[in-house]
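Taken in sequence, the protein lines are chains A and B. Quick note: the first sequence, position 4, residue 4 per the numbering used here, numbers continuous. So the mapping is simple: the numbering used here equals the position in the second sequence, first residue as 1, plus 433.
No lab work stands behind these hints: they were computed from the structure. It is possible that part of the hints are untrue.
Said to hold, decoys possible - Some, not all, of what chain A presents toward chain B, calculated at C-beta under 10 Å:
id: 1; residue: Phe152
id: 2; residue: Ser358
id: 3; residue: Glu392
Since the structure is predicted, the reported quantities are computational estimates derived from the model, not experimental observations. A virtual CB, placed ideally from N, CA and C, is assigned to each residue, including glycine.
This is what each chain is made of:
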Amino acid sequence: MDKIYWHSVTLEKDNCKGCTNCLKQCPTKAIRIQNGKAKILKERCIDCGECLRMCPYHAKKAVTDSFEILDKFKYNVALTAPAFYAQFSIADNIDLMLTVLKKIGFDDVYEVSAGAEIITEKTKELLKSGTLPRPTISSACPAVVKLISIRFPNLIDNLIPLLPPVEVAAKLAREEAVRKSGLSESDIGIIFITPCPAKVTSFKNPMNLEKSNIDGAVSINDVYLKIAHKIGKISDSEIEKLSRSGRKGVLWGVAGGESEATESKRHICVDGIHNVIEVLDAVEDGKLRDIEYVEALSCIGGCVGGPLTVENSFVANSRLKRIGEELEDNKNIPHEDDVFWENPISYKPVMNLDDDISKAMEKAMKIEEIYESLPKLDCGSCGSPTCRDLAEDIVRGYASENDCIFKLREKINILARELNKLESGDIKNTRET
Amino acid sequence: MEPMKYHFEVKGDDFSVAGENSSKVKKILRQLGFDPETIRRVAIAMYEAEINMVIHAEGGYIDAEISPDKVKIVLQDKGPGIPDIEKAMQEGYSTATNSVRELGFGAGMGLPNIKKYSDDLVINTVVGEGTRLEITVNV
Numbered sequence: 001m002d003k004i005y006w007h008s009v010t011l012e013k014d015n016c017k018g019c020t021n022c023l024k025q026c027p028t029k030a031i032r033i034q035n036g037k038a039k040i041l042k043e044r045c046i047d048c049g050e051c052l053r054m055c056p057y058h059a060k061k062a063v064t065d066s067f068e069i070l071d072k073f074k075y076n077v078a079l080t081a082p083a084f085y086a087q088f089s090i091a092d093n094i095d096l097m098l099t100v101l102k103k104i105g106f107d108d109v110y111e112v113s114a115g116a117e118i119i120t121e122k123t124k125e126l127l128k129s130g131t132l133p134r135p136t137i138s139s140a141c142p143a144v145v146k147l148i149s150i151r152f153p154n155l156i157d158n159l160i161p162l163l164p165p166v167e168v169a170a171k172l173a174r175e176e177a178v179r180k181s182g183l184s185e186s187d188i189g190i191i192f193i194t195p196c197p198a199k200v201t202s203f204k205n206p207m208n209l210e211k212s213n214i215d216g217a218v219s220i221n222d223v224y225l226k227i228a229h230k231i232g233k234i235s236d237s238e239i240e241k242l243s244r245s246g247r248k249g250v251l252w253g254v255a256g257g258e259s260e261a262t263e264s265k266r267h268i269c270v271d272g273i274h275n276v277i278e279v280l281d282a283v284e285d286g287k288l289r290d291i292e293y294v295e296a297l298s299c300i301g302g303c304v305g306g307p308l309t310v311e312n313s314f315v316a317n318s319r320l321k322r323i324g325e326e327l328e329d330n331k332n333i334p335h336e337d338d339v340f341w342e343n344p345i346s347y348k349p350v351m352n353l354d355d356d357i358s359k360a361m362e363k364a365m366k367i368e369e370i371y372e373s374l375p376k377l378d379c380g381s382c383g384s385p386t387c388r389d390l391a392e393d394i395v396r397g398y399a400s401e402n403d404c405i406f407k408l409r410e411k412i413n414i415l416a417r418e419l420n421k422l423e424s425g426d427i428k429n430t431r432e433t
Numbered sequence: 434m435e436p437m438k439y440h441f442e443v444k445g446d447d448f449s450v451a452g453e454n455s456s457k458v459k460k461i462l463r464q465l466g467f468d469p470e471t472i473r474r475v476a477i478a479m480y481e482a483e484i485n486m487v488i489h490a491e492g493g494y495i496d497a498e499i500s501p502d503k504v505k506i507v508l509q510d511k512g513p514g515i516p517d518i519e520k521a522m523q524e525g526y527s528t529a530t531n532s533v534r535e536l537g538f539g540a541g542m543g544l545p546n547i548k549k550y551s552d553d554l555v556i557n558t559v560v561g562e563g564t565r566l567e568i569t570v571n572v
């Protein structure tokens with residue numbers, strides 16, 4: 001398999017009706033409908049999961065690991081995102097949510113919020129040093145990082161070169177598990193309970209790391225029922241003290257939590273991938289010169305709004321804020337220096353028309369010409385998201401003008417008129433003889 | 434080869450769409466495979482000029498000419514003209530009204546930024562008649 005283009009987001013072909021719901025919503029225009037089925041253009045997909053949300057027929061799915069992955073390891077640690085706590089109405093304390101994971105098969109737990117606290121401290125340090133380009137953009141959301149790598153090459157340098165909290169937490173979790181269990185590193189499974197497909201892709205195919213520290217990713221969706229059945233049966237005396245992180249780390253799970261934690265006075269938080277694109281465009285134009293830090297999250301509401309979560313994101317948002325605000329700030333955040341990217345992120349020009357600018361210009365002119373002849377209704381019936389995209393697909397050789405139902409109708413009308421003429425002419429001829 | 438030509442109209446009465454044309458050009462350049470630095474310079478210079486046109490001149494026209502080795506942006510307006518180009522080129526000098534400044538514009542960085550990000554800048558201006566800006570960015 002082509003490792004670079006491995007994606008968590010995939011199509012369940014049998015369920016796909018070939019409608020235009022996902023086509024119109026994809027922020028990178030990575031979907032086409034061909035022969036009545038959706039097709040994902042792998043090099044353009046950023047795994048944001050918008051199509052998963054949009055599809056009324058559940059034809060898009062996220063490839064995650066099944067719970068059986070725990071059988072592969074002798075000792076399993078569940079990595080929990082703050083968004084996980086917000087999934088259950090019963091959860092008024094984090095220790096209960098962590099205890100229940102030990103009841104369903106994990107040997108230990110580790111909170112991603114502990115990694116978030118370390119990254120918060122490092123971010124504050126870097127922002128203070130004044131060495132980063134302004135505005136500095138958070139690199140915590142993998143869908144946003146991927147988006148920047150294909151669409152905003154000028155902003156790659158603005159990304160803060162720090163690992164996402166989940167990777168930091170995974171590394172520390174493994175070290176702790178080795179100490180506690182006495183087993184070797186390879187016997188330990190670090191399993192993330194994931195709210196989104198973009199994170200899964202980032203583990204299987206890391207952009208800025210040689211190898212991820214996460215061995216598997218099970219979706220919140222998939223463990224939800226397992227936990228729902230157990231959680232009510234845990235008595236107060238069974239709840240173990242397992243949480244270690246404080247208020248700031250936990251609040252990373254909701255939009256705004258991260259930027260607030262960095263204590264930057266000039267920060268903005270933008271959530272929702274379409275809004276993120278708008279803000280990044282503005283940054284690229286030099287419009288946000290007075291902003292120091294940009295927290296950019298693909299999902300509305302932050303990670304609590306992840307496509308693989310169960311709870312309504314607004315409810316989850318409120319719940320997580322309540323849980324977080326009750327906590328104290330962690331005074332004992334360990335100092336970690338080994339939290340930087342191992343590899344730089346490179347620009348992947350997947351939108352280019354041609355490697356040669358002159359040839360690309362010829363193609364662009366052809367696109368304009370075809371576009372002018374199209375109805376500009378952007379109906380999507382041809383299988384491309386807009387008329388302009390169809391023009392582009394025709395020039396790239398993926399589509400034909402007849403895919404446009406309006407163009408086709410025009411041609412059929414002409415043909416019908418010709419036939420009519422021919423017929424009436426024939427009748428006249430018959431009469432004459 | 435013949436340069437690619439685009440013609441845009443800039444409306445002077447709608448601030449919400451100011452900058453839209455620079456975004457379009459940015460997208461075209463990206464698709465054509467221009468290097469990110471060139472795209473950045475064109476986008477910023479054109480954006481500043483487009484905004485100037487809306488703030489000071491109630492709109493006008495922009496012509497963009499794209500060749501493999503350079504991008505030329507010509508902005509033409511029928512605004513008040515620039516009485517003192519030397520002053521206008523100074524960082525921080527602005528004739529923008531208070532209401533425009535309250536919107537976060539009029540910091541006096543428009544022309545200086547256009548100059549900074551372009552390789553060649555030609556300004557023809559007649560007070561009371563209008564201004565023509567020719568911005569060239571070499572690849």
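Cross-check of the supplied hints:
1. Taking 10 Å as the C-beta cut-off, the interface hint given for Phe152/A holds, the closest approach to chain B being about 9 Å.
2. Interface hint at Ser358/A: satisfied, since its Cβ lies 5 Å from the closest Cβ of chain B, which is below the 10 Å cut-off.
3. Hint status for Glu392/A relative to chain B: holds, with the closest Cβ pair at about 8 Å, below 10 Å.
Every hint from the earlier list agrees with this structure, and none is contradicted.
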